Every structure is written in C-alpha cells, then in structure tokens.
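Peer 1: Here is how the chains run, residue by residue.
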Amino acid sequence: DTAVSQTPKYLVTQMGNDKSIKCEQNLGHDTMYWYKQDSKKFLKIMFSYNNKELIINETVPNRFSPKSPDKAHLNLHINSLELGDSAVYFCASSQMGTKNIQYFGAGTRLSVL
Amino acid sequence: EDQVTQSPEALRLQEGESSSLNCSYTVSGLRGLFWYRQDPGKGPEFLFTLYSAGEEKEKERLKATLTKKESFLHITAPKPEDSATYLCAVQVDPGGGADGLTFGKGTHLIIQP
Chain A
422 DTAVSQTPKY
432 LVTQMGNDKS
442 IKCEQNLGHD
452 TMYWYKQDSK
462 KFLKIMFSYN
472 NKELIINETV
482 PNRFSPKSPD
492 KAHLNLHINS
502 LELGDSAVYF
512 CASSQMGTKN
522 IQYFGAGTRL
532 SVL
Chain B
42 EDQVTQSPEA
52 LRLQEGESSS
62 LNCSYTVSGL
72 RGLFWYRQDP
82 GKGPEFLFTL
92 YSAGEEKEKE
102 RLKATLTKKE
112 SFLHITAPKP
122 EDSATYLCAV
132 QVDPGGGADG
142 LTFGKGTHLI
152 IQP
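Protein chains in written order, with our numbering: chain A, 422 to 534; chain B, 42 to 154.
The list that follows gives simulated cross-link-like pairs (lysine-lysine, DSBU-like), each with its CA atoms no further than 30 Å apart:
#1 A/Lys430 to B/Lys146
#2 A/Lys488 to B/Lys83
#3 B/Lys120 to A/Lys462
#4 B/Lys83 to A/Lys462
#5 A/Lys457 to A/Lys440
#6 B/Lys120 to B/Lys104
Anything over 12 Å on all C-beta distances counts as not near chain B; from chain A, calculated:
#7 Thr434
#8 Gln435
#9 Gly437
#10 Asn438
#11 Lys443
#12 Asn447
#13 Gly449
#14 Arg484
#15 Phe485
#16 Ser486
#17 Lys488
#18 His494
#19 Asn496
#20 His498
#21 Asp506
#22 Val533
In case anyone wonders, no lab produced these hints; they're calculated from the structure. From a predicted model like this one, the values you see are computed outputs, not experimental measurements. Yeah, the Cβ is synthetic: ideal placement off N, Cα and C, and Gly gets one too.
If we strip away everything but chain A, and leave its shape as in the complex, we get (with noise of 0.2 Å):
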C-alpha cells in the first residue's frame, strides 16, 4: 500500500487554467505539507497543515491555496496557471512530535503551455 500517494502524476494544461493535484496519505499522520521542486531539482517548502493551523512560505502566491477536507487529505488548487508554475509538486506527511519525519509522495509534473 502506497503510504503517501498523489494524483495525477502528470498534469499538462494551458496558461491561465485553474488546476487541483490531490493528495492522501493512510499513515494516520496529522500534518500535511506541500513542497515544490523546480527545474534545477530544488525543493522548496510551500505549506504545511494540520488540524490546527496552516502555515504558508510567504513567497507562495496567493493563486496556490492548499484544501483539507479530512486528516488524510491535502489538495493543492492552483489558480490562473502561468507558466512559472510548471515544476514538480510534492506532498508529504509526518506525525507531529519529538521526530517528525516526513515521508513524501511520488509527485506530479506540472506543465504549463
């Protein structure tokens, strides 16, 4: 079983389009995050959620807003895509405490035409 599992893998739209990646993981974990990693394979933090707040890197524009509609999902909606945007997009979770490791899912390519 896909522990963090993302969906689609690969997502190819037009600028100005709006966009939703989803997310879910079965790890009972209360803390989602989404990172972006760009063409130089740099990744960078853009959110991280759990029940009680929502914490947003403040570089992130606001077109990117992140929804939890329960503890096992964090979708990334993407408004008026522009092709700066086209990079990968992970999502990832960890159970807050001492550790705090996060495991991360596989992905999605973003193109933006």
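Given the coordinates of chain A, work out where chain B should sit on it, guided by the hints.
Peer 2: Using the frame of chain A, we list chain B on its own:
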C-alpha cells in the same frame, strides 16, 4: 535566513570506492537534520534523522554523522544501486513541529560498475 549547503554537487565513484557527502547548515536553532535519497521520477525517500551533535546512524553501506555545523553521509564500498541524488534537510526551532523542511540542492551520486 536558514541555509543548507551540500557538496559536492555531483560525484562519480567506482564501485567499491568509499567517499563522503557533506551538508553544512546555518540555522537559528536545529530541531533535526534529515537525509533523503531521491531516484529519478520519484519522491524523496527517508534515510536518517539526527538530532544532536555527536549522533551517528547507520544503514547498510550508509552512515550519517552530525556536528554543530555540518553533517556527513559516508558511503562505504558503494554499489551501482546506490546511485541517486542525496538530499540533506533541516527543521528548525521554534517551529512547533509543523514547519516544513529546508532542503539543500542535493548531491547527485553515480556509482560506476
């Protein structure tokens, strides 16, 4: 600003040739240092976490160590299947545990048969 610097950017070794990867960090307060392995087209896979200077962890041919300023990932007698990008990341205090990881840019390791 928290910084994580990995070196070298790329490393090519012969099978059986031991070496070390470096991760130096500048953070306000280290909560934990993490090593991940990333294969092409996949998400980061957790390897180790270290919490205090002097700590060491081992797994098969890999050994991670931590000082107050840097961490090393030692690879002993590597095999071709150890080829991957190795990522170092830190989590800082105060962070409440829900903050994301700050990643370095990774070391791309190639083990030639």
